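What follows is the residue order along each chain.
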Amino acid sequence: MEKRKIDIPVMADLFAKNEKPEYLFWVGSAGAFDDRYKNVVRAFVKILTHLGVSYAVLGTEESSTGDVARRAGNEMLFQMQAMMNIELLNGYEVKKILTCDPHAYNTFKNEYPQYDGNYQVIHHTQFLRDHIEAGNLKVNSAIFKEKTITYHDPCYLGRANGEYAAPRKVLDFIPSEKKEMKRNKNNALCCGAGGGQMFKEAEEGDKEIFIERTEEALETGADIIATACPYCMAMITDGIKYKNKVEEVKNYDIAEIVVLSLGI
Amino acid sequence: MFTSIIFILILSGAIVVFYRKVRKITRSIKLGKDIVINDNILLRWKRVLFIAIGQQKMLQRPIAALLHIFVYAGFIIVNIEMCEILIDGVAGTHRLFSFFGGFYGIMVSIFELFAITVMFGCAVFLIRRNILRIKRFWNKEMTLWPRSDANIILITELLLMSAILIMNATDGILQTRPDSHYVKVGSFMISSIIQPIFSGLPSSSLIFTERFCWWFHIIGVFIFLNYIPYSKHFHVFLSFPNVYYSKLRPAGEMANMPSITKEVKLMLEENYSDQDDDNEEVTFGAKTIRDLTWKHLMDAYTCTECGRCTSSCPANITGKKLSPRKIVMDTRDNLEEIADKLFNKKRSEKDDEQNARSLFDFISAEELWACTTCNACTYECPVNIDPLAIILEMRRYLVLEESAAPGPLNNTFSNIENNGAPWQFSQEDRMEWAKDVYMNGIME
Numbered sequence: 001m002e003k004r005k006i007d008i009p010v011m012a013d014l015f016a017k018n019e020k021p022e023y024l025f026w027v028g029s030a031g032a033f034d035d036r037y038k039n040v041v042r043a044f045v046k047i048l049t050h051l052g053v054s055y056a057v058l059g060t061e062e063s064s065t066g067d068v069a070r071r072a073g074n075e076m077l078f079q080m081q082a083m084m085n086i087e088l089l090n091g092y093e094v095k096k097i098l099t100c101d102p103h104a105y106n107t108f109k110n111e112y113p114q115y116d117g118n119y120q121v122i123h124h125t126q127f128l129r130d131h132i133e134a135g136n137l138k139v140n141s142a143i144f145k146e147k148t149i150t151y152h153d154p155c156y157l158g159r160a161n162g163e164y165a166a167p168r169k170v171l172d173f174i175p176s177e178k179k180e181m182k183r184n185k186n187n188a189l190c191c192g193a194g195g196g197q198m199f200k201e202a203e204e205g206d207k208e209i210f211i212e213r214t215e216e217a218l219e220t221g222a223d224i225i226a227t228a229c230p231y232c233m234a235m236i237t238d239g240i241k242y243k244n245k246v247e248e249v250k251n252y253d254i255a256e257i258v259v260l261s262l263g264i
Numbered sequence: 265m266f267t268s269i270i271f272i273l274i275l276s277g278a279i280v281v282f283y284r285k286v287r288k289i290t291r292s293i294k295l296g297k298d299i300v301i302n303d304n305i306l307l308r309w310k311r312v313l314f315i316a317i318g319q320q321k322m323l324q325r326p327i328a329a330l331l332h333i334f335v336y337a338g339f340i341i342v343n344i345e346m347c348e349i350l351i352d353g354v355a356g357t358h359r360l361f362s363f364f365g366g367f368y369g370i371m372v373s374i375f376e377l378f379a380i381t382v383m384f385g386c387a388v389f390l391i392r393r394n395i396l397r398i399k400r401f402w403n404k405e406m407t408l409w410p411r412s413d414a415n416i417i418l419i420t421e422l423l424l425m426s427a428i429l430i431m432n433a434t435d436g437i438l439q440t441r442p443d444s445h446y447v448k449v450g451s452f453m454i455s456s457i458i459q460p461i462f463s464g465l466p467s468s469s470l471i472f473t474e475r476f477c478w479w480f481h482i483i484g485v486f487i488f489l490n491y492i493p494y495s496k497h498f499h500v501f502l503s504f505p506n507v508y509y510s511k512l513r514p515a516g517e518m519a520n521m522p523s524i525t526k527e528v529k530l531m532l533e534e535n536y537s538d539q540d541d542d543n544e545e546v547t548f549g550a551k552t553i554r555d556l557t558w559k560h561l562m563d564a565y566t567c568t569e570c571g572r573c574t575s576s577c578p579a580n581i582t583g584k585k586l587s588p589r590k591i592v593m594d595t596r597d598n599l600e601e602i603a604d605k606l607f608n609k610k611r612s613e614k615d616d617e618q619n620a621r622s623l624f625d626f627i628s629a630e631e632l633w634a635c636t637t638c639n640a641c642t643y644e645c646p647v648n649i650d651p652l653a654i655i656l657e658m659r660r661y662l663v664l665e666e667s668a669a670p671g672p673l674n675n676t677f678s679n680i681e682n683n684g685a686p687w688q689f690s691q692e693d694r695m696e697w698a699k700d701v702y703m704n705g706i707m708e
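These protein sequences, in sequence, are chains A and B. What the first sequence shows, in my numbering, is residues 1 to 264, in sequence order. What the second sequence shows, in my numbering, is residues 265 to 708, in sequence order.
Chain A on its own, in the form it takes in the complex:
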């Protein structure tokens, strides 16, 4: 197969040409700046390209959604971010937002309507499920056939928004063994990074939350810990390093698993 460079469409450029893409893909700060997580957004745009979906990103106009600021108590900063983002999004007449980040998903879907930012928000696992079910993505390669995958529920997709099924549905289409952790779905244990924790030291305790969760994931004997959130990825990746399991156990986002299965 021929290697082909993808040009990522940017909203301002399309708008200048009077084009209106169907989706805005919200990359998020982690997608833009976290070296490991950049690979997830790259994987997802490969899928978008493969499907021929009409989309664009905001590029250098994108800014923080304000999720962290709000949960860390800085409502002023959150609302400034929200209002500036909404002005930008409405200016581009955005109707549908795609994102890989459950925190952005939650903020757009549940909190921006508080300031007249009303969008149809789709998490990438929901988008992938829909396209796999519709038969648009043939993910039947044998690459994970011998592997066991365990899925870690992000709080902001799971408990916060009740989406437990979509990511599992996607994994069900990937030929592989699946194993649930002891605490899953509603009862899943947080990775430890939400609510601002990602950006500060943990309070004094017996243990770091990410280690507790990684240990639980390792107990399943899985070869792959699947995540669907940038914070969870950072935490679980650290956990695997801490437990010296980098060789044996991989941490992939659902989008990466799909890309590897598609071989694109």
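To be clear, the hints were calculated from the coordinates, so they are not data collected in a lab. Quick caveat, the model's predicted, so the values are computed rather than measured. Certain hints may be false.
Unchecked claim - Partial list, derived from the structure: chain B residues whose beta carbon lies under 10 angstroms from chain A:
(1) P326
(2) E527
(3) E545
(4) K551
(5) P578
(6) G583
(7) A634
(8) N639
(9) E644
(10) M658
(11) V663
(12) L664
(13) N683
(14) M695
Note that CB positions come from ideal geometry on N, CA and C, so glycine has one too.
Place chain B on chain A using the hints.
Leaving out everything else, chain B in the frame of chain A:
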């Protein structure tokens, strides 16, 4: 006649005292900020039906759920018998409903069965708390009073049920004695089992025992009724309204702050004018119970300290100080303290609200900052209490009023403010990731 008067006096006293305490709690709850909750009435009733009456969320822990159903169902069913006891007491009758004949015997036997399930439930609960020492009943905030409170409730229920059974057993024997006038309705299913213990006693002792148990039970009920509002056991009343008024929106949504919206609009929009020009001073976030909404305060009074929230809290599981149950218990304690001062008719200056302790005298910043906002606590609570909302309101106070966020979070705030990301990277570099994306390229 004489006993009727005594009974009516005790009954009225019990009702008046209970009413006054409940009214005080209602006033206390109303000390919270006013919010209107009147949307989706149908859905709210549905949740009352499933979550409060149907105890749906209890099922996440099946053993506790089953035992709780025993006590809960027993409590409700035995209350039917309370109707007869109350009427008997007022009218000076004995087993007034016995005119139902054979059906009466069946009903009382069913009540006895439920009394047994209540006793079984309470006994196992006592064992779980005091002998098995299940962890969530022994967390730090479970000091002597909350632990005793639970035991007092369980032991009282055991005693009240025992009284009914002994009363019925002796009644059954007395019915067969030619020298007593007890209405013949036959012995009852469960209490007949313990009749041999009493069958050797003379009728006078039996009558004394029967009457003693009757009075012991009903006065016990009146005392218990008046104990409940001082206890965690108040959940038997507040669970229903609390579930009714609980949040319907997705758990991930945080409450908006319109007062901040006004400020932000003044900053961002040139021709934005402040329409309602009331220069009322508002506190951002929550420092005192006055800054919380009445719903948060109702949450505090509804909590029965079961600790499901704390036992599922990732911060607590990993040994941090944060315990969602403690947040709710502290809110109630602080509220009670302030209500006592405010509603005290002989208020002196030292009872001034300004001198009262605030939520921060109970809850430390360390606890608040350990929360990951994962919503495990709100999901776990069988009666939809929202400890997370209180934590977040208090964080808002720390940041917006005191600028007292932990240092690293202050850096995060300035990064977001200056370069639109929580990390210190330039907004201009937001497309770096997009420079080298290839189809059919090898993934790392």
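Hint by hint, here is what the structure shows:
A distance limit of 10 angstroms between C-beta atoms decides the matter here; for P326 of chain B the minimum to chain A is near 13 angstroms, and the interface restraint is violated. Hint status for E527 of chain B: holds, given a least beta-carbon distance of 7 angstroms to chain A, under 10 angstroms. The closest approach between the C-beta of E545 of chain B and any C-beta of chain A is roughly 17 angstroms, which is over the 10 angstroms cut-off, so the hint fails. Hint status for K551 of chain B relative to chain A: violated, with the closest Cβ pair at about 13 angstroms, above 10 angstroms.
Interface restraint check for P578 of chain B: the shortest CB-CB distance to chain A comes to about 4 angstroms, inside 10 angstroms, so the restraint holds. Because the closest C-beta pair between G583 of chain B and chain A is about 3 angstroms apart, less than 10 angstroms, the hint holds. Given the 10 angstroms rule on beta carbons, the hint for A634 of chain B holds: about 4 angstroms separates it from the nearest Cβ of chain A. Hint status for N639 of chain B relative to chain A: holds, with the closest Cβ pair at about 4 angstroms, below 10 angstroms.
With its C-beta approaching chain A no nearer than about 8 angstroms, E644 of chain B sits inside the 10 angstroms limit, and its interface hint holds. A hinted interface residue such as M658 of chain B counts as satisfied when its beta carbon comes closer than 10 angstroms to some beta carbon of chain A; here the least separation is about 8 angstroms, so the hint holds. Taken as an interface hint, V663 of chain B checks out: its beta carbon lies about 4 angstroms from the nearest beta carbon of chain A, inside 10 angstroms. Checking L664 of chain B against chain A: minimum C-beta separation of about 6 angstroms stays under 10 angstroms; hint holds.
A least Cβ separation of about 9 angstroms between N683 of chain B and chain A falls short of the 10 angstroms threshold, and the interface hint therefore holds. Here the hint on M695 of chain B is kept, as its CB sits about 5 angstroms from the closest CB of chain A, short of 10 angstroms.
Going down the numbered hints, you'll see the structure goes against 1, 3 and 4, while the others check out.
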